[in-house]
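Starting from the known structure of chain A, arrange chain B on it as the hints suggest.
Note that the protein sequences, when read in sequence, are chains A and B.
Residues 1 to 102 in this note's numbering are what the first sequence lists, from first letter to last.
Residues 1 to 283 in this note's numbering are what the second sequence lists, from first letter to last.
If you're looking for bench data, these hints aren't it; they were derived computationally from the structure.
Everything hinted at is true.
Pairwise CB distance ranges, derived in the manner of DEER restraints: (1) B:Ala132 with A:Ala48: 50 to 58 Å; (2) A:Leu94 with B:Arg149: 36 to 44 Å; (3) A:Ala98 with B:Gln141: 43 to 51 Å; (4) B:Val55 with A:Ala89: 41 to 49 Å; (5) A:Val21 with B:Asp30: 19 to 27 Å; (6) B:Ala19 with A:Ala48: 44 to 52 Å; (7) A:Ala89 with B:Thr134: 52 to 60 Å.
Output of the computed footprint for chain A on chain B, the stretches with three or more beta carbons under 8 Å from beta carbons of chain A: (8) 113 to 120; (9) 200 to 206.
The beta carbon of each residue, even a glycine, is placed where N, CA and C say it ideally should be.
Below are the chains, spelled out letter by letter.
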Amino acid sequence: MSVDSCGAPEQSAPIPASVDVEKETVITGVVRAGADPVSGAYVRLLDATGEFTAEVVTSAAGQFRFFAAPGNWTLRALSRQGNGDATIAADRGLNEVAVTVG
Amino acid sequence: MSRESALVTADWAEKHLGADGTVFVEVDEDTAAYDAAHIPGAVKINWKTELQDPVRRDFVNKQQFEALLSSKGISNDDTVVLYGGNNNWFAAYAYWYFKLYGHGDVKLLDGGRKKWELDNRPLNKEEVNRPATTYTAVHDQDRSIRAFRDDAVAAIGVANLVDVRSPDEYAGRLLAPAHLPQEQAQRPGHIPTALSVPWSKAANEDGTFKSDDELRALYGAAGLDDSKATIAYCRIGERSSHTWFVLKELLGHSDVRNYDGSWTEYGSLVGVPVALGDEPGTA
Numbered sequence: 001m002s003v004d005s006c007g008a009p010e011q012s013a014p015i016p017a018s019v020d021v022e023k024e025t026v027i028t029g030v031v032r033a034g035a036d037p038v039s040g041a042y043v044r045l046l047d048a049t050g051e052f053t054a055e056v057v058t059s060a061a062g063q064f065r066f067f068a069a070p071g072n073w074t075l076r077a078l079s080r081q082g083n084g085d086a087t088i089a090a091d092r093g094l095n096e097v098a099v100t101v102g
Numbered sequence: 001m002s003r004e005s006a007l008v009t010a011d012w013a014e015k016h017l018g019a020d021g022t023v024f025v026e027v028d029e030d031t032a033a034y035d036a037a038h039i040p041g042a043v044k045i046n047w048k049t050e051l052q053d054p055v056r057r058d059f060v061n062k063q064q065f066e067a068l069l070s071s072k073g074i075s076n077d078d079t080v081v082l083y084g085g086n087n088n089w090f091a092a093y094a095y096w097y098f099k100l101y102g103h104g105d106v107k108l109l110d111g112g113r114k115k116w117e118l119d120n121r122p123l124n125k126e127e128v129n130r131p132a133t134t135y136t137a138v139h140d141q142d143r144s145i146r147a148f149r150d151d152a153v154a155a156i157g158v159a160n161l162v163d164v165r166s167p168d169e170y171a172g173r174l175l176a177p178a179h180l181p182q183e184q185a186q187r188p189g190h191i192p193t194a195l196s197v198p199w200s201k202a203a204n205e206d207g208t209f210k211s212d213d214e215l216r217a218l219y220g221a222a223g224l225d226d227s228k229a230t231i232a233y234c235r236i237g238e239r240s241s242h243t244w245f246v247l248k249e250l251l252g253h254s255d256v257r258n259y260d261g262s263w264t265e266y267g268s269l270v271g272v273p274v275a276l277g278d279e280p281g282t283a
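The following block holds chain A by itself, in its conformation from the complex (with noise of 0.2 Å):
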């Protein structure tokens, strides 16, 4: 994955050329403590009964993303500054969300 950290934040990461974005179902966006992105972040997918569905660590612009089916999903992010949850209801196609960890 390539970040530009140099540049304005993205708010959501890359998504691979061989991806049909019209198919799936895209959960993305940005872990922050406070303004700042947090890098090395452990995101966590849960499904709407807060079973574990999938984790991933943020890159270095603290980007986050998932390949999810429509529905009730909630974000667990774990980090060295601390913990938070956001919840988004996703639809097909690219979903953003951002977390705030502290």
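Okay, now just chain B, sitting in the frame of chain A:
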């Protein structure tokens, strides 16, 4: 096997960094993680290029495994401590390999890379060069811990089948864990009569394993009959290695096999039964 012999804590590991006869080995899905930073002195095993046959879908054979461990500087009498990202999925997969070929003393680092990082324990980028050894596998593959597709089909309604994927993969609503694209060739669903016990229920949020009492309660409540043989499966056999480790190495069940073909094989087979939805289904 028991928790004491199969698992080490991060505290134990930090005290044993650089100890003679102890080799730390990182095994990751994201094989670039090691290069960015690793536990001091740890060597890397790439699960894709070093543990798989380069042509057909199978493991490295005994000779390839011996060559790999020799090149990594691992001896037969070394204590091997495996760790990795993704809550130790691929480290557990490698642990199972070491057992397949009979390595004497192999352990998992409880919590893996995640807990190590969250605890702010030491990591560095220093290149690690261990002198090559002459490793000799104790025996060829131990078939008593590996299941094949015919074993999985024969287990329907007879033995314990444990599907350790997420509930949405079990039901057929997702085809892969959600950090991967969902366009896949397999049919969705699960093997009929398989219990759904996601691997993640066996682990805490920080990646450490739950206590033995919690684990016994988990599989008991799910309906696992420990008087019967058990086959665990997932999508490609790595998450089910995690559950195999729990049942066989932590809880000491006697007959537990990992079906490494898992859903990417079973879901592509012609003519086998498949169940859809949240219930196990019938034989």
